[in-house]
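Number of protein chains: 2
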Amino acid sequence: MTSKETIRKRLEMLRALMAKEGIRLTLMKSTDPHASEYICDHFKVTEYFSGCTSDNVVLITDAVNAYLWTDGRYFISAANELMDTGITLMRMGMKGVPTVEAFLKKELQPGDVLALDGRNMDASSGAKYRAAAEKAGAEVISNFDAAEELWVGRPEKPQNPVWILPEELAGESADSRLARIRRRMEEEGAKHHIVSSLDDIAWILNIRGSDIACCPVCLAYLLIGAETADLFIQKGEVDQETAEYFRQIKVKTHEYEEVFSYLENYHFEGAVLVDSGHSSYEMMRLISEKAEVLDLPNPSLAMKARKNKTEVENSRHYYLLDSAAVTRFIYRMKNKVGHEAVTEYTAACEMDRLRSEIPGFLDLSFGTISAYNANAAMAHYQASEENAATVGNEGFLLVDSGGQYKGATTDVTRTIAVGPLSAEMKRDYTLTAAANLRLMYSRFKKGTTGSQLDLIARSPLYEYGIDYDHGTGHGIGYILNVHEGPQRIGKYTGNAKESPMEAGMITSDEPGVYRENLYGIRIESILLCVEDCETEFGEFLRFDPLTYVPLERDAIDIRYLTAEDRILLNHYHEEVRAKLSGFFTGEERKWLIEATEEI
Amino acid sequence: MTSKETIRKRLEMLRALMAKEGIRLTLMKSTDPHASEYICDHFKVTEYFSGCTSDNVVLITDAVNAYLWTDGRYFISAANELMDTGITLMRMGMKGVPTVEAFLKKELQPGDVLALDGRNMDASSGAKYRAAAEKAGAEVISNFDAAEELWVGRPEKPQNPVWILPEELAGESADSRLARIRRRMEEEGAKHHIVSSLDDIAWILNIRGSDIACCPVCLAYLLIGAETADLFIQKGEVDQETAEYFRQIKVKTHEYEEVFSYLENYHFEGAVLVDSGHSSYEMMRLISEKAEVLDLPNPSLAMKARKNKTEVENSRHYYLLDSAAVTRFIYRMKNKVGHEAVTEYTAACEMDRLRSEIPGFLDLSFGTISAYNANAAMAHYQASEENAATVGNEGFLLVDSGGQYKGATTDVTRTIAVGPLSAEMKRDYTLTAAANLRLMYSRFKKGTTGSQLDLIARSPLYEYGIDYDHGTGHGIGYILNVHEGPQRIGKYTGNAKESPMEAGMITSDEPGVYRENLYGIRIESILLCVEDCETEFGEFLRFDPLTYVPLERDAIDIRYLTAEDRILLNHYHEEVRAKLSGFFTGEERKWLIEATEEI
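In the order they appear, the protein sequences are chains H and S. Mapping the first sequence onto the numbering used here, position 187 (from 1) lands on 187, and the numbers just tick up by one. Mapping the second sequence onto the numbering used here, position 450 (from 1) lands on 450, and the numbers just tick up by one.
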């Protein structure tokens, strides 16, 4: 952790610069220019100036004070990190805590200047802050990059070579994808389209990178015209082979840093499709000053969510290998705990090792979560080698992990009984299993959305007054980000129009129960949406599980299962046994047979 | 039906007036000034000029042609009604049929005049049409009431005396309701509030009327200020007692027709809360020219949906009496069919008679639907004395009916087996019953919405590739409209933010299966939303059925029920028996016991 003294000094430097430039308030946000979920160190500006490592932060600094907003997941860690820095923690959503906009409206006076870095801020937040400031009569400078001037030893932007995803792995050429996007542009009346989101760019061009940990993407911007395509990418990322590939698919490359000056001088001949949900504030501002903006979701968002035949087949293959590794891990844990020292950390290492031995393994798809009993009740618990708890021989070890392979991105959670369980643990596990299975085996009509499916999963828990404070499912990329849209299985929010579930989408199914200071349970399997049937009443869909890892028979209390739930559980276990038994021999196989026995 | 010749003549008169006034197109819509679902004859302007009786109509007339838009429910009847009138039927949503807006954009030229009657048009439609016309460069006259001048023998506005709903029936005084609304106005920063929706006005002031068939409301507008309330109502509706009541609750009355001129000359001192979803286009236009408009749902919408203790208790009481009448009706039908002549019409009369004998009966809550076999597959089938089918001694008779009582508005559908059923009929009935029961007995968290609950109901049907083309549930008023908002159980549309289900709401639960030319099945019970429990995870809700009428044991094929569905069915029947057996003796009682036997 950066020392409190250092943070105070950095803020003083910032204030000196603000005074010089006549700035009343600066506002920084923990985002990157690409609206990425995970960001690389180079863009961690709020962390540099505040020391706070939370990933949802707004930092406002004036001549004397500083205020940092973050959400409930980080109240405890942020309070710790901010202690003695002079920064006030603003607990989002808590009574008496103003929103950032309300704060700006109250704090700013006519004639004041608010400075922010619009490149390093998502478009909708930038617009909200500007509106609030202008309502207060203040002026907004939206290209104020304090880090540029003040961040000593700022990490360089990563510059890792990109690689080409061959057509036999992608199932479709970049030419074809560009053509599909251009057709959509034409339909929408757009002459140009700017893509800032890194996974969209990787998908469109069939390239992969490694600029962000666990996300096989590269820093880039893409400008698509009716006949042209301009890619802004760091020179060091493009080797000769890739350069040749770009020439073949008629993609002209430019230096990453030149994107804004290039667009500034670009002559747009018609409307420009830009997705404000996946662009920076400065990008939206720049384009809307130069051309008519069609603010629509990136066409690639929906296209990449519907996996093609190749992607589906490869995913089925790798998910099975991945499932076998997780199943082997469960067997090992059950045998090790009580006999040799196991910590959350060594368990995670074992899981990662098993996964890395799978041919085609590229990387983890996120840092493995390994949490024993009470630790698993904490939403963002991450065991380190130093602080990891020892896994005792009772209760639950929750392991949430996944891999990047040359043919899939996986994600799976199992909660392993490492010894005797309490009656409450069994009840909660059983209801979680019912939730997981009911969603897995549901059938629904085309047009059904994630908030509707969410209730199918939560129903068995609701029967007992139980709920979990996270979504039920997220979309998953193909050799891409482990979280992608547009679909999402979660509670109704009404904030944006929902995307219905569609055939080809790959989505997680991960209900859970979390009992503070006691234990946490989550069961996550990944589901492929497939066509079920077409009748006089319309088209129907269902899911095919991609994940085949046993649930905990020992943790099931059948009094909490309906007869139907029991049928589903036995059916799933039958499938697990059929699909996995070829991977195992001897004692392991014997255990697998027992673990998938009918209940 | 009006003769085709007459329609042609009426359109010629309209065209002559248009020519005189320099109007290129007129647009009429089948709405009333109060955004009512059912409208009185006085406002049926599109019917007068087109002869079309559909209740979702737009009629556009130019110097030579006329075009009438309606939706799929009415394609057949409207085609019939429009034959030889020279009016072209525009089938909404069909390929190649432009929307009204697209038509206006294409048809209108710069300088053209589009005329419509903004008082007799809902605000959002009016705004859409104006935008389309203005995009084409045309001018819009929004106060063109052709009916005023041309409709010979136009029915007067109904002028039936209103009656006062005493506080012991309403459970709350009008003073208290006005005070609650004024508090909400203050919270929203509104100094005035204009209410156009008739059921809201009736609810706020604790008055009832009979200006619209089956809806106990009166034609009125209400202007609420911080201390004043102005009611615009026809003089003939207010007798001495009511006039005295209005004085007591400090409501000043004005003539109904004067509302627009009164508002035109009114001095608004601050923002005005007007609900564009429940106001006419002209009302919105007038107010927004005079004051700042806060376009928010009428505060009374959510308030009246959450029934108070008195309303709940009275509803429970009357729903039981109503259920007993429907149960008796089922018994009679089963005994009559095959022995004496029964038609759909005589069956409906019998149902209505049984209901009218209940003390406290005021009116039907809608025209009873009685449909035998194939007729029940038609969405808007209504048997008349002349065209009614004879009820044979096989298959299903569907009866959907309800009453207005001095303590409830009811609505219930049962599909009665009047003889042997085919295997398909039994399968479809069984799945419909499962759908109905799963929703009835579901438990869910506060915040759950109707589109989420909808999937709970449809799931058992989706398993077999079956769906129904209507919503699953609508809100129901208290001695008020049988359809009311804000809640709705139906598919996700994303058109507007959904209102979550809340304790105190009364909502229908009416899944169905419709097989064209064969039969139609619908089972509708009414549910009261109640608090279930509060735990560390939040507050949970469930439903209490208000309707206790047996389902058809003979129509159940248990192969299509899960074990859990079967438990629910038996539980419901146990409750039906317990609640109803006191109402029956002798043979009827014997039958009730059999009809509710465990399966």
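Worth flagging that the hints you see were computed from the coordinates, not collected in a lab. Among the hints, erroneous ones may be present.
Note that identical chains are pooled: a pair holds if it fits in a single copy or bridges any two copies.
To be verified - Here are the simulated lysine-lysine pairs, BS3-like style, with alpha carbons at most 27 Å apart:
| hint | residue 1 | residue 2 |
| --- | --- | --- |
| 1 | LYS497 | LYS191 |
| 2 | LYS128 | LYS106 |
| 3 | LYS497 | LYS128 |
| 4 | LYS406 | LYS157 |
| 5 | LYS250 | LYS334 |
| 6 | LYS406 | LYS336 |
Evaluation of the provided hints:
For the identical chains of this complex, LYS497 and LYS191 are intra-copy neighbours only, at 26 Å inside a copy versus 33 Å across copies, given an alpha-carbon limit of 27 Å. Taking the shortest alpha-carbon separations for LYS128 and LYS106, only the intra-copy value of 15 Å comes in at or below 27 Å, while the best inter-copy value is 37 Å. For the identical chains of this complex, LYS497 and LYS128 are neighbours both inside a copy (20 Å) and across copies (21 Å), given an alpha-carbon limit of 27 Å. In this assembly of identical chains, the alpha carbons of LYS406 and LYS157 lie at most 27 Å apart only when taken from the same copy (25 Å versus 74 Å across copies).
Within a single copy, LYS250 and LYS334 get their C-alpha atoms no closer than 54 Å, and across copies no closer than 76 Å, so neither meets the 27 Å cut-off. In this assembly of identical chains, the alpha carbons of LYS406 and LYS336 never lie at most 27 Å apart, being 31 Å within a copy and 72 Å across copies at closest.
When the structure is compared with the earlier hints, violations turn up for hints 5, 6 and for no others.
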